[in-house]
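Novice: The residues making up each chain are set out below.
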Amino acid sequence: MRLEYFQLIDRIVALDLDARTIEMHAQVPETSTIFEGHFPGHPLMPGVLLIEAMAQTCGWLLLGLNGLARMPFLAAVKEAKLRTFVTPGQALSITGRLEHDGSGFAVTHASVRVEGKTVCEADLTFRIVPFPHPDFRTNMEEVARRIGYPLEITAHG
Amino acid sequence: MSSTFDTVANIISETCDIPREKITPESHAIDDLGIDSLDFLDIAFAIDKAFGIKLPLEQWTQEVNDGKATTEQYFVLGNLCTRIDQLVAAKGA
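The listed protein sequences correspond, in order, to chains X and U.
The first sequence runs 1 to 157 under full-length UniProt numbering.
The second sequence runs 1 to 93 under full-length UniProt numbering.
Only chain X is shown next, with the shape it has when bound in the complex:
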């Protein structure tokens, strides 16, 4: 993770387009300027960034399902539960599952586990729209390479 750059996922672990599920790995850094303020002397991974990590995970699932043809943007966060503190240095397993494939939108469920224990979860809704600019897609391809995403994936049924 590079929190200051909104790089909240490090590596793809599994992507199953038939089951419509994904798993990502993310390592919470030991140090970050964010921990200086959140909180002084008691560093915690901000809950909003855990939600963003879940959104990025589910976003990559949706990109895989549409063959990187269109971009999912987070539209709604529901039933978000932050069950316990996440602290610097912890390894996160982030999973996402497609709940509903709508017309121009998708509903997903995501959760984060630390050492097998669920630390947070949420239902996330995305709008799925054309890439606003070709450079945007190029940037996403660069991110895909960084996280080991299988770019050979094409549009899936």
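Treat the hints with care, as some may be off.
As the list claims (entries may be wrong) - Listed next, the in silico DSS-like pairs over lysine-lysine satisfying Cα-Cα at most 30 Å (straight line): (1) K49(U) - K81(X); (2) K68(U) - K49(U); (3) K54(U) - K22(U); (4) K78(X) - K22(U); (5) K54(U) - K91(U); (6) K49(U) - K78(X); (7) K54(U) - K78(X); (8) K78(X) - K117(X).
These are calculated hints, taken from the structure and not from any lab test.
Bear in mind that the values here come from a model prediction, so they are computed numbers and not experimental data.
Chain X is fixed; fit chain U onto it per the hints.
Specialist: Structure of chain U alone, referenced to chain X:
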């Protein structure tokens, strides 16, 4: 068995916290009920699940933007319910 309209009206009432009695077949979801596009995603999700269909929201939006259709054709609830019935019938055909 409840009618398509009753199901849709109940979904809208529960999703958007609108009193059920204010929702009629003549209501325009946007102009009369004040439902915005994000709330309509929740409604579409619930309708898709309830009827086992996929409302073609993108196609409808494109047609409205292109001037080929009016919002009344899709978002007046009586018309919306007719579209839902057509989609359900097409699914079973």
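Novice: Does each hint hold? Answer for all of them.
Specialist: Hints, verified against the model:
no., hint, in the structure
1, K49(U) - K81(X), "holds, 24 Å"
2, K68(U) - K49(U), "holds, 28 Å"
3, K54(U) - K22(U), "holds, 26 Å"
4, K78(X) - K22(U), "holds, 26 Å"
5, K54(U) - K91(U), "holds, 10 Å"
6, K49(U) - K78(X), "holds, 18 Å"
7, K54(U) - K78(X), "holds, 22 Å"
8, K78(X) - K117(X), "holds, 21 Å"
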